[in-house]
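Heads up: the sequence lines are chains A and B, in that order. Those letters in the first sequence? Residues 1 to 95, by this note's numbering. Those letters in the second sequence? Residues 1 to 322, by this note's numbering.
Source of the hints: derived by calculation from the structure; they are not laboratory data. Only true hints are included.
Derived lysine-lysine pairs resembling DSS-like cross-links, with alpha carbons at most 27 Å apart:
(1) LYS135(B) with LYS42(A)
(2) LYS26(A) with LYS318(B)
(3) LYS4(A) with LYS318(B)
(4) LYS43(A) with LYS127(B)
(5) LYS135(B) with LYS4(A)
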Amino acid sequence: MDIKLYEHVGSFAENKDIAKEIRVNKIIPALEDNKEVTLDFKKIESATQSFIHALISDLIRKKGIDILDKIYFKNCNDTVKKIIEIVIEYMQDHT
Amino acid sequence: MKIHLPNSVWLGNINPFIHSFDTSNDEILEITSHKKWVSVHPVVLCMITGLGLFIREKKAKLSFEKMEATSKHYFERMGLFNILKLKSGIKIHLRESAGRFIPLQLITNSDRLDDFIREMIPLLHLKPEQAEPIKYIISELVRNVLEHANTESGAIVCAQYYKKSNTIRIGVVDTGVGIRFTLEKFYHPADDFQAIRLALTPGITGTTTRIGGTETNAGAGLFFIKSLAKISRDFFMIYSGRAMYKLLKNPKNKQIKLIADPFKDHFSSEIDLPFWRGTAVGIDLCLNNTLNFNELLDLIRGVYRESRKKQNKDKYRKPRFI
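For reference, chain B alone in the conformation it holds in the complex (with noise of 0.2 Å):
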């Protein structure tokens, strides 16, 4: 396998570095990079240590060419070569990361899960509110990866955040057995495409035929996440087997509605990929543009009721609070 990582890779332009991996061989992995400038979307960090981990756990050959690139110490600093165990010959004077990223991170239970969530909010020095979606999103991609890739090396995970445009990128990835595997037993998917179709769609769990999950499956993390995405107008990418599905951008004066088929969302696709074993997950959320986490769950609420053609709220008996 080769993989190259170049100048610039983010989530609006992330086609042309996947359609660049080269899968012919995986006896072997070789990593090389823009010998000047490599800034890249946590995905990708966590994609490259992915890799990096697979070929270690066959015991091949991994050969990550010696960066050049004066953004070198970007790569130490994520963790990526230690977790790698390649010596890297860079040196960083470590900082305190806080307010500025969470280092590549490997999780492989329930328990060290719940430990890296309390770790991580401190790390990103965000308000209460802002860290709200962004637990959430770790926490259901995370799960997803511990309960469906079939995986021991766990999920692998990592953000960045983005001072100037006040964004927060994530990435979480796996190189388990990938959705249209997790879906074939009870959902057939005529493909890795139609297998994301399925998992973005509420309702829908690898678990069960029965709409609405089991007794630990909704299937709806996927859902709410992309919706996280789609309301704050920014990407989010999912990538398994051959297909990605991306949620594009939505223009700023197009009112945002949540929609259960994630085909009739602004979206691209792609469904001729180099193969990728596992799922691999990136998204943005700009925090300026996020709503109120209690708004989303407000939209939500809506697409259930409208996909399931229960308008009239009485119908539905009621949870006591007191």
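For reference, chain A alone in the conformation it holds in the complex (with noise of 0.2 Å):
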């Protein structure tokens, strides 16, 4: 499943309550059909912690860091790269 980001939060992603959204009700139901989910950060410029964590964090504590292996982050540009491994590594701290 692609999950393309932009048409959700526009070119700046800080909205928690979409990125909630988009974890509950599209992100969980295609991991537990057993498919792979392709976040697509194409045209995101920016996202802040606070929306990565609450896109993904819940993942990783829920089902595991093997998790990753069925997330695919597509089209990410440095700053949002690096806020994704911040998050993924503080979540493998703490779970």
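Could you use the hints to bring the two separately framed chains together as a complex?
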């Protein structure tokens, strides 16, 4: 499943409510159907750590770090990549 | 309550202004000001607005002494009188605000915040890399208010760009429950100052005792913001309840290292201030000194690793970028 985040949040991904909606209504059902999920960050210039945390941290916490084998992060610029890496490392320290 | 706008209040000299705030009677708010010139940080404007709105909500009396200072137009332009529904009698020629300031705004929900972030950046006429930390700061601070402050009046925000110093000064204020109350359920901080320390420490949030936060709160927002001020060698101030923490400017010749414990930073504090109902945050960001946002992220990542004593990055599973 390919989720184009720009369509939901625009160029600055900061709305945690939307992140939660995407997680609950799109990512979790797809993973539960044993599908792989691609989070497409095309046209997203930046994101907050809170947004990324709300998008993926609960998946790691509940399903374990191996869930990352089923999630792809596509078209991330350097800033977004770093924020994703920070959040994922942070979650591994705290799970 | 009484509050006086003196000649000049910036983050560096804000302490006497806060000390002079008289909270003795909340059935009335009397606002007075310096007669010749008043020049204040946006956080001060937000605080005055917060107090005024609090009084309005209580249907108590708001007495704003007519401003005589030559700089009174600034307060009109920033929307102070309008937001407090006061007739200032000050006439201004409305000019395009681009490149100078973001007038006072009340942000009460997530959608409004989205709109505000979209609208404000063109007002500041900054380069994208300069706008990046500003969007970040406002988003994180306002979301903190919306999620934790428990106030219907929301977040009060304004900002001003100073061309001469190439600095943006931002204020975000609420009149909600304050940091100590927010952290009380899980952390029981001894006082407001300890509550601020916890709030600034990465991994701690009022929504759980679990270090690292919950599904929606990482407890890292304020740490990120303080880090931005530290890297730009500028001030960051947070005032809640009776306590204030102020990150001081780092000397230019000193190498900057981010530290998880805010008490190990170069800071000053006050622990017996007049009680602020809610939280006030002020930040200065000199755009000359601001590192590339990516470099900041590298530094922050280093702090997390160090604070968890996991220096070897190979220990971490990595996201798969395609």
